[in-house]
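J.: Taking the hints into account, I'd like the entire structure generated from these sequences.
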Amino acid sequence: PGDVVGEGGALGIAPIRGATVRAWRDSLVRAVRLHGSSVQRAVTAFPDEYQSLQQIFQKRASANKEVERVRQKWLQEQVIPALNTCRIFQGFPEPIIRKIAEHLLQATYTCGQVVCTAGNGADSMIIFLKGEADVYTKSGDLIGRLSDGAVIGEIAVLGLFPWRTATIRATSNSDAVLITTNLISRILQGDDASAARHRFDQLCAERRSQVEAGMPMCILPFNVSVKDVVARAVALHAIRYSFNTGDVFVPKVQAQGPHYWVMVSGSMNLMMGSRHIMLFSSGSILPEHIAFEYGASIHAATVCEAYRVSFFDLLLATSVVRAKWYKHFEKLIEEVEAKVRLKLSGARSISMMKMRRSKTETSFGYRPDEGLQKGGLLPAMLPKQVSQPRLVGDKLLKLREDFKIYGDARGKGQLPPIHKDGPRR
560 PGDVVGEGGA LGIAPIRGAT VRAWRDSLVR AVRLHGSSVQ RAVTAFPDEY QSLQQIFQKR
620 ASANKEVERV RQKWLQEQVI PALNTCRIFQ GFPEPIIRKI AEHLLQATYT CGQVVCTAGN
680 GADSMIIFLK GEADVYTKSG DLIGRLSDGA VIGEIAVLGL FPWRTATIRA TSNSDAVLIT
740 TNLISRILQG DDASAARHRF DQLCAERRSQ VEAGMPMCIL PFNVSVKDVV ARAVALHAIR
800 YSFNTGDVFV PKVQAQGPHY WVMVSGSMNL MMGSRHIMLF SSGSILPEHI AFEYGASIHA
860 ATVCEAYRVS FFDLLLATSV VRAKWYKHFE KLIEEVEAKV RLKLSGARSI SMMKMRRSKT
920 ETSFGYRPDE GLQKGGLLPA MLPKQVSQPR LVGDKLLKLR EDFKIYGDAR GKGQLPPIHK
980 DGPRR
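Taking this note's numbering as reference, the numbering of the sequence shown is continuous, increasing by one, and the terminal residue is 984.
It cannot be assumed that every hint is accurate.
In silico lysine-lysine, DSBU-like type, Cα no more than 30 Å apart, as pairs [to be verified]:
| no. | residue 1 | residue 2 |
| --- | --- | --- |
| 1 | 886 | 898 |
| 2 | 658 | 689 |
| 3 | 632 | 689 |
| 4 | 689 | 811 |
| 5 | 902 | 890 |
| 6 | 883 | 898 |
| 7 | 890 | 811 |
| 8 | 624 | 689 |
Source of the hints: derived by calculation from the structure; they are not laboratory data.
T.: Dropping the structure here:
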């Protein structure tokens, strides 16, 4: 109360507005509007007051510049990168992404505050910039947690489903941005947004088509009907990808919980560095979250088509209607996860062993070719084979064997004899 807005225009100092002012949404705002002509007459009658009003304007203009600087930094470092990671905005020109970002405001949720409620109307998508939130079914069952970068409500912006499918409750102080359907529609109607509009319409048509076909669940060996309600609900959220031979997908932080790749056609290799782990072909499932855990990547072996499915979306869909095929699906992913984890764990162990061996050779300074050429003693000092120690007196026997190999070269004395019954004291 008591703040003044727009004094620059009333005084004739500023020809345009320097800021946008919004009424606070949770309460009424009462204000008095003073016309510029009235202010001008008052200033003419009381010229001494003009200086005070001019100082207020200059102070506010300086504050607005600082606020705008901070906002532009926030847009550039947080909002625009978040928009670029959203599937529905991929392929949008950078000016359109920036135009969307410039209309966004930061929404802050305190710990325990409900972000949205399952079953309520939805006319926006929400992107979490910072913080965490729990995901609940409509019946109140906790299914997982969201973190920085999570996106919810994309299907509402696409115009496919105007209801919230989950209840989201913040578990820490969180920052987010809300992107409304009206904002996207208004920006895409611009003359400079033809490419983005075409991409957006194409994505909407593609998503409707996969819902009609029940993809990707109908490709799995469970005889899932295209009319199955759960399969269609999963298809509503599933993201379709097309890969050319050699394309690589690197899993990132699972901000929205575990994800699975369902192969529809072609084949993909799971790789850890240059090491091949497994081949996945049509009808198979690849657990992305486990690949991320082990630092693996996904390489297209052929031209292929796959769908990325969120485990949270599966749980939300089956919480409403329990599909007959879901038990078979749970068993399949349990087996696949165990197999993939075992193979990745083995590959990691082999890599660590090679790394330790490399460090050991480096610490000895052993270079076989160089030693042989210069007549050095190092190659002769290092054994080609070291016998395994016997079960009796392991440590001492091993020490004795090492001494036989290195003892004379190092110029040290002999060790006491070791008997089958163990070392004599």
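J.: For every hint, state whether the structure bears it out.
T.: Here is how each hint holds up against the structure:
For the given pair, residue 886 sits about 19 Å from residue 898 by alpha-carbon distance, which is consistent with the 30 Å threshold. Straight-line distance between C-alpha atoms of residue 658 and residue 689 comes to about 22 Å, which keeps the hinted pair within the 30 Å bound. Proposed proximity of residue 632 and residue 689 is supported: the alpha carbons are some 16 Å apart, at most 30 Å. Of the pairs offered as hints, the one joining residue 689 and residue 811 holds, with about 16 Å between alpha carbons and a cut-off of 30 Å not exceeded.
Annotation: proposed proximity of residue 902 to residue 890 holds, straight-line Cα distance about 19 Å (limit 30 Å). Note on residue 883 and residue 898: the hinted pairing holds, with a Cα-Cα distance of about 25 Å set against a maximum of 30 Å. Using a Cα cut-off of 30 Å, the hinted pair residue 890 and residue 811 holds, with the two alpha carbons roughly 25 Å apart. A hinted pair counts as satisfied when its Cα atoms are at most 30 Å apart, and residue 624 with residue 689 qualifies at roughly 25 Å.
Consistency note: the structure conflicts with none of the earlier hints.
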